[in-house]
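K.L.:
Okay, here's what each chain looks like letter by letter:
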Amino acid sequence: MKHYDSKLHVSGSAEFVDDSPAPQGMLHAAVFGSPIAHGTISALNISPALAVTGVKAVFSFDDIPGDGYLGALIQDEPLFAHRQLMYHGQPIALVVAISASVARAAAALIQLETEPLAVVSCPRVAFAQGLMLQASRIYSKGDVEAAWPTCSTVVEGSVELGGQEHLYLETNRARAIPQEDGRLKVYSSTQSPSAEQKSIAQVLGIAMHLVEIDVRRIGGGFGGKESQATPWCCMAALAAYRLQQPVQLVLNRAEDMRMTGKRHPYKQDYKIGLDDHGTILAYQVTHYQNAGAYMDLSAAVLERSILHSTNAYAIANVHIVGTPCRTNLPPSTAFRGFGGPQGMFAMEAAIFKAAQKMGVEPDFIQEQNLISDGYRFHYGQTIKECRMKKVWREAKECFDVRGAKERVASFNAAHNGQKKGLALMPVCFGISFTRTFLNQGSCLVHVYTDGSVALASGGVEMGQGISSNLIAIAARTLGISAKRIRYNSTNTSRIANISPSAASSTTDLNGGATIVACEKILVGLKGVAAKHLASNPESISIVNERVQVNGSDTELGWQELVSMTYCSSVALMAHGFYTSPGIHFDNLAGKGSPFQYYAFGISLIEVTVDCLRGSYVLDSAKVVHDLGRPIIPSVDLGQVEGGLAQGIGWVTLEELSYDNEAKLASNSLSTYKVPDNHFMPNVIDIKFLETDSKQSGPLGSKAVGEPPLMYGIGAYFALRQAISAFKLQQYGDKLTSSDISLSPMTPERVLLSLYPNFLQSGGRDGIKQNQ
Amino acid sequence: MSKRFPIQFILNTDLVTVEVPPGALALDFIRDQRHLSGTKEGCREGDCGACIVLVGELVSASVDNSGESSLKKNTVKSGVHYQPMTSCLLPVGELQGKHLVTIEGLRGARDAACVDAVGLEGVGSEGEQLSTVQAAMIECGGTQCGYCTPGFIMSLTGWVADPSQPLDRNGLNQAISGNLCRCTGYNSIRKAGQRIADGLSDLVQRVDRIKALCERGDLPAYFLGIDRRLLELSQRSSLVDSREKAAVPITGGTAIPIAGGTNFFLQQGAQAQTMALNLIQCAAPAAAVVVENNWLVVDARMSFESFGRDPLVQDAIPDIQIYNKLIASRPIRIRATLAGNLCNASPIGDLTCLMLALGAELDLVEDDRERSLPLCEFYLGYRKINKTDTEILRTIRFPKPSINAIVGWEKISKRPHLDIATVNSAVVVELEGKRRIKSARFAIGGVAEIPLLLDKTGQFLMGKELDVDVIFEALARAQKEIAPISDIRGSADYKRLLVRQQLLAHFIRGFPEHIPEDIVFEALR
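Chains as they are written, first to last, in numbering that gives the first Met the number 0: chain A, 0 to 770; chain B, 0 to 524.
So here's chain B without its partners, still in its complex pose (with noise of 0.2 Å):
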């Protein structure tokens, strides 16, 4: 049996101390524990949203000037950024000092007459208290058989919520990207989320948007105390100081480093509360990403979405967010880390791919022991990786890619969002002149045993002039590289003509005038 961990948070109103195996799951904790049974179980994978809660910790906000705000947790301590997690992969161990919210936790809002100035005669219980997130799902029939409609209230709530996502139809997609929804076919739930965009356009002026909904009715008023209540247990807790003053993770002892878990829950979550875990993520100070020398050193610990819409890469490699927004929903990308992408070495890899064609380096750190490690030459077979159990990774990094470069990554996956790729890929290509090839790096996930980079036809490529007869070339060699399988994914013969196909939409992107659609579906006849 793993050691608990003694943990303090604010579960909705109430101060919880509780003392659990550090892989004890959030929806568990929820419904079993506490016995609050408005979060639902639909699939304890991250994959349908009926657990998804809201976990607020305390940021410093500021707003620069495209309204978007960056947030930076814990430096200077002035208000509460909620996100949206499914509690089904998410370790009470990580709750230390955080706010949790459920369903339950949003009654309140709003005194019930409020809510016949909406207008729901004849619709459920009276007395009930709304906010407009909820009283626009019923407005526009939203709601079916009801099951999935508690993830749904609180990934909407959870959006409006936060200050860095637009109220729009944009906003929205993300907001319930992580929703399934079995009954409505989603245009009652868009009809609402427009509803909902439109009663609370005027928020789009507030930073502190907690504090407007709050003062709107759209939240109970207990959150305005929140960021006091958070403050007082962080300076409270010894646990939290030592473990939040760390610069970087603790390592040593027997357990098994887990950066996020959104995988690792997602296949051992039966198994993980006996399991020693170091829960890496737990109470970890900002991740970010720093500029040395031309390369970008990454926290391995940050999130998809954090590293999406970090500034410098963004610069870096500008279509990130295209990218990320392919990749799982919103609230698994919130949890997903770089480092447990990279050491999770499922053979697709989602951002592994692009890691490996921009060429990154790894640190791995382990006790007071340090080593550094190029990406390419950590996979050494199906799930096996150069690293020891208990070793950390600690920053991931990668050369700014030149000016002369494209960075390409496409992904095909069954369901175009919120699935996992049959073939996904990413190219570095850098050009010198009008049309010398001076490197090319290809790396493609869903091929082989691991995330492959390919090395021949890179090599091929190099020195090449870029037109379509070598193109098509390259392609033929990039054949000879990769040893796909049938499985769940797709057929081999499928992501064959995946990896030729992706590999000419990365060049017709990247070179339209080098190399035309029209010459290469010529070619293709």
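Just chain A, same shape as in the assembly (with noise of 0.2 Å):
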């Protein structure tokens, strides 16, 4: 089985939010954005706009009948600015009009007068400041402080992370149509249907039951649609409601760079210590994180930073902080690692740093400290069914890791010009939403007479293959071909409070919902069967569309056992609610067990600098993940080439710039670059490591969406290890790395760290980098 829209795809079928025919009548509408990233609105004209012809109407704060405050974690943010101007882009106005041309061309008439006030962009300088959106928090275990003295190595450290544009190829949209009876349905892009129905229902002012979101499909989501697709659909929405009539807001890419919060840049500083050996003793990190204007994520996103600092280490000592610290950038938030990608980058950095200290390969250090079974983390879960070992070892000799290095190591030595380096990066991620009420799904199963099945999930299909996987789950668990099954829209009318799509877990918990819906179904068709049969239920099964008895095929048939269920009168519908088991956490003491299992992995990444031009090339990306038992390959593979590119990117090109005046700089894709099929490695080598698990989603898989974004931080290293190499060549040992680790590590990075001698008058003028 592959992908289950990609014949749709592929023929240009597959419909969008803005492909289906437009209702009769509908309006188009444009958002105003605030010119400045720090302020006051004194005055707001909207009558330039107004009079322009096509134009019907312009909504503001003011024309909110509800409340007008949105927020996944707490409600600080106005779906319009209103009074104070928080950030570059921020929604001010809607303009609504018969083409989506003329409202922007009117929305830029719209007069404003402001008083700015002073742009923090940092989170240092934020933190300083005591601008924070929440208390730090604290997770200690063991003592550093005590161990530190009993370190042989101990090195400390920064790091700047950039922040990552989610660039999902389909922009932010939605169409809101108004129905009967003070109803509303709205055609949305977005990763949470139930969040978008409440949000809407709370700005207009009325019930849930009075908003239907359906989500066919999107085009891309990576986090960026999980809290941020709401104020678009939620502003259509007031468009359509109050007009009465339907409305289209369709950002277009410019608008939706710099409106939208991205992953969140962190400012950290590390200390590690080491004994002789390379055992990490103890480890420290304070993360500032970016949250941006508002909250936002951020506080959930901190939390998986934190859980994750230590990423598959065993450190007996560890003491971390992180605080989400208030900016004037978008508001930062979900985006594929959902926060974990940057704690482990810290752990690496100083991993980095510690083995240039003692003289070792990092992945000597790497290896020593691999976690195994019955490690308690910081936060107080024990590891147990860990491979972190496993794929290690699996690695090392899939991949001919010690070859590797020789291979690196003699070109090295043969090339003046050109350097090679390759990194290791293991990965140890939890599954599950740390909100733990967020782990339930919910699946409705229609059997209908004719033998076709229909499923409906909270599973949005963002690409990741939710519909295909449960497509396969439920064939395999009714014992019918796929052919027969259709995946419906995610609809809050057929399910209602959809958990978002995230967290790497829309196919455990909706296909964990699936298999109970299906399995309330098989009940009523095997009693059926049972009597029909002369036999009981518990030796009937349904294998290849045919019922057996005692694993002997009879006459009867899938199609039939359905007619003869209908006419039964017994239920051909069943709606399954499913959460994960043995989970807990307590957010506020940060100790629990948030994690129903793990997924592990590793990658090898090789790279070869350009050390005269500073350009570089990606030699190979390898990696062994641990998939437990795969749904549907094809579509597990996707998911682990598909993080691997975005993490790649995350470290290599993708560089987010602002101005002084955190107005985004990078904000069209001439500007803003991420992979394309030419910077992707040449040798692409994924390996599954198929394993059985107890503890795991539905038929033994494991969760794949989010784990392998963080393999491509091993880029990051494999091209430090290479400019290393140069500069040894070069310099010998008289300039050793800067304290300070820069990512994204880009061309410019890598030439002015290979010729630091040639940097006479320092830093930019004009453009700030990864604020």
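Read the hints as simulated data drawn from the structure, not as lab findings.
Don't take every hint at face value.
Straight-line distance between alpha carbons at most 35 Å, and here's what the computed DSBU-like set of lysine-lysine pairs gives [as the list claims (entries may be wrong)]: (1) A:140 <-> A:55; (2) A:389 <-> A:590; (3) A:686 <-> B:399; (4) A:404 <-> A:197; (5) A:530 <-> A:482; (6) B:455 <-> B:324; (7) B:463 <-> B:324; (8) A:270 <-> A:482; (9) A:404 <-> B:324; (10) B:190 <-> A:482; (11) A:404 <-> B:190; (12) A:140 <-> A:482; (13) B:479 <-> B:437; (14) B:190 <-> A:395; (15) B:433 <-> B:455; (16) B:324 <-> A:686; (17) B:437 <-> A:389; (18) A:388 <-> B:455; (19) A:590 <-> A:197; (20) B:383 <-> B:399.
Combine the two chains into a complex, taking the hints into account.
P.N.:
Here you go:
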């Protein structure tokens, strides 16, 4: 079986929000955003926009009939800026007109007077000024202060991690259509249909049952449409509700890039202590999270950074501090990995630096400290079914790590102007929402009298293959061909209180629910079959669409059984509900067992740096990933390869630049660069470790959405290795690596690192990086 | 409001007659006017490829021994040549007499029975009719969210339908050089490309790939009749005749000449609808290169792609294709022109630097007035050029580099492909005797308000004996001629460093015996 939607994709018939024919009289909206990053509104004059021919209405904060404040964790963000302007591009008003181009042209005429305030874009500055969205969280284990004196090597350093634009190819969009009886139907590109339903109801001051959100598929989300699709659908809904006409809002690329939040930039200080054998005795890290202007999901993202701050390593003494710092950037938000990548990066930077100090390879320290069964993390969870050492061994053998290192060394000895580097990146990533209550899934299974089956669940199809996975799960559970099964759009009228499609858990939760629902129907089917075949239900099974008694085929087929069941007045539809077992977590205390299980894997990335030009090529990326039992191997493979590419992009090319006034300078695809086909390694080799796990998702599968992103971090350290090799050749021990690890490692950073003497004036004028 | 154009072309199967402003963009026409929603908008910058369509035009096809066909428009009308273009930067005005193919135009390639043979159990709805390209993308897991997919399908279909493109990894890389996918990481799409190349390997033998693809069921049968329909269309349309027969672009009036417009429509796509534009690419005769007195004379409307493939250009600049492939993407190079590149006056300038280093001269025309000037006098300041708004750059002439000269081109951008240069540079250095420098011309982009010719550095080197010390002295002089600023492409420091490194790279590559790499790295310590 392949990706269920792919046939529609390749023929161009897969519909996205604005692809369906427009309803009669549909209007189009455009957003007027703040021209400054921080200040107050002294006057807003919308009349020039209203005067434009074709403009129907302009809405701002005062036009909101209900509660105008949104937010996934706390409701601190106004739908339209109200007096205060907190980031550049913050929505202030919505212009509704007969076409999007008229609406945009009119929005540009809106007059705004502001009183600018000082802009803060650096989380350290924000922290120093007391601009925090929540008090610092401290997680401790053992006693780092007591441990430092016992270490033979102690190094300290800092890290500056850039954010990351999601760059889903489909920008944010929603189409809201008024219905009878004060209802609204909204087609939206969102990962969180129920959050949108709730937000719209709240903004309009109406009950949730009057709002129906429908999501057929979304053109990429990656976390960017978990909380931040909500404002746009609320705006379309507000306009449609007020005007009682269909309204569509489609952000163009530049609007989407400047108005929506991105992966959190972090600044970090670390300290690591090791003994002579390379055992890490103590690790301390402070995370200054750049949360942007409002809370959004920042506290939850930070929590995962803290939980994953020791990545895959067993460390006796750990001290982690994390603070979400308020700045004047758009609210930073979920992005595949959800804080995990930032937590792990600092750990790897610390190991890299410690290895340099000790004169060993980083993977010596990595291997020395890998976790195994029984290790208790700093948040209290004890790891079981740990495969970290197994994937490490597997990678070493499959990919001949020793041979690769020798090749790199001999290449470097033979080439003055080119240097290779390689890095291993182990990943241990916890699966489950850390807000434990979110770990719930629902599925509605309909078996129709012709034997065809329809599924509806809370899982949003965003390319990750949830529809295919659930179809495969239902097919296997019911014992029928996947051809009989269709996946319906994700709709709040079919499924209530949907958890976001996020946290890698969508298949786990909704797939679990699919099994529950299918099994309920099977009870009915088997009862009818048993009666008909004069057997008992326990001996009945359905295999390949045929009813079996004690494993032997009977005359009775699926379709006949379904008709029979219907005529016996037995239910052919069922709702399944599923929650992850055995998890609990006290978010305030930071203690508990938040994860149902862990995903394990490791990458080996090799690069070649052109030391004359500072440009580089990624030679290969190899991965061993513990997949449990795959549901659809090609879908899982796609998740690993895609996550890897995004992770590589994050630490290499993807550089968000802001000007001094915190206005996004890299606001287009011509200035913000994601990996293209040429950039990705020529050799991409993914090996799945198929394992049987007691702790897993449906049918023995393991979540695969987020963990692979962190494999890409290896590209950063491989580049650092190559740079070090060149600097050793050129400068000997004179110039060691800097105390600050800056990511992404753009060709600019590479070249400037290769020739540190060239920098006389130092620093940039005008463009600040990685706020 | 600008004057509307009456335009006739074939959209998929249908003859379309429309009146549009010349700046109306094909993407909007396709989606909003024709409600063909398979073509997606991703960026409106030509940077993602989600909106790629195929544009077919009548050509005569002949194949030389190398298997590369040279295609000339409209001399003998014997076939339709399809090329991928980003519809977000393509004015409808240029579609006169052409065949515009969207993803919907690929439907009906093959009956459902064949699809089953490909073995696509449990995928999507039944009854869809899929080509080898589409089936391979499914089989190899080349789609995830599906938003970029129609663009990839069009690029891949354009690849297999174009006899000038090799059905191998290099051909694939070029084919999808303008497509971004955020979901897959491309590996599955590469596998699909391999599968397509394997599945269609017999096409390599065929000159007429369109016919072959139709016979195989990989294109709908209606493609077979397109050449005849386009021929009829061109014979019917008096408008086309008058424009086509013009050996030079029509000048006059107040309309702004647009040659390709890959930058213009990116910058001003929203306003372009209301502007008076003179689309000089529209129904233009074959742009070409001739050699006169050892100078190459280039029709300025020539696209990057056809310039790079011209045998006379390749003879003069053997590495031109290597340089070309670092510029934008294939769909953009198919549309972007030399005239557009030079007149756009970007300080970075891509081929502009090469032309500056080659010592190019320009012929400008307006009504019946003509004038010529050296390219190095064309740039007056930031995006200011020695040309009136309505004057047209007709030809670019440059001397064929001497056999004793090296021609080099370097480009560094954040992403090696599909990106704008931070710094690019071109050099033409001619030696006399073993190592005496007869002349040296350096042109550098991205370090001043204009594409910069390093006069003083060049003069310094003239007559010098080539060695590492002299080069380092030249590098120091080059630093005094440039004035880079920090911007989104990089810091001023970085650009200065890049200038040094690129100039070194030119000499190391051009004169490895005189400027050996090892000595350079020693000197850099």
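K.L.:
Are the hints correct? Go through all of them and say.
P.N.:
Cross-check of the supplied hints:
1. A:140 <-> A:55: Violated. Residue 140 (chain A) to residue 55 (chain A) sits at ~60 Å, over the 35 Å cutoff.
2. A:389 <-> A:590: It holds: about 28 Å lies between the C-alpha atoms, which stays within 35 Å.
3. A:686 <-> B:399: Violated. Residue 686 (chain A) to residue 399 (chain B) sits at ~53 Å, over the 35 Å cutoff.
4. A:404 <-> A:197: violated (54 Å)
5. A:530 <-> A:482: Within the cut-off at roughly 28 Å; holds.
6. B:455 <-> B:324: Given that 35 Å is the threshold and the Cα spacing comes to 31 Å, the pair holds.
7. B:463 <-> B:324: At roughly 34 Å apart (the allowed maximum being 35 Å), residue 324 (chain B) and residue 463 (chain B) satisfy the hint.
8. A:270 <-> A:482: At roughly 56 Å apart (the allowed maximum being 35 Å), residue 482 (chain A) and residue 270 (chain A) break the hint.
9. A:404 <-> B:324: holds (32 Å)
10. B:190 <-> A:482: holds (25 Å)
11. A:404 <-> B:190: holds (28 Å)
12. A:140 <-> A:482: The hint is violated at about 52 Å.
13. B:479 <-> B:437: Holds, because 22 Å separates the two Cα atoms, which is no more than 35 Å.
14. B:190 <-> A:395: holds (26 Å)
15. B:433 <-> B:455: holds (23 Å)
16. B:324 <-> A:686: It holds: about 33 Å lies between the C-alpha atoms, which stays within 35 Å.
17. B:437 <-> A:389: violated (65 Å)
18. A:388 <-> B:455: violated (62 Å)
19. A:590 <-> A:197: Roughly 30 Å separates the two Cα atoms, so the pair holds.
20. B:383 <-> B:399: At roughly 28 Å apart (the allowed maximum being 35 Å), residue 399 (chain B) and residue 383 (chain B) satisfy the hint.
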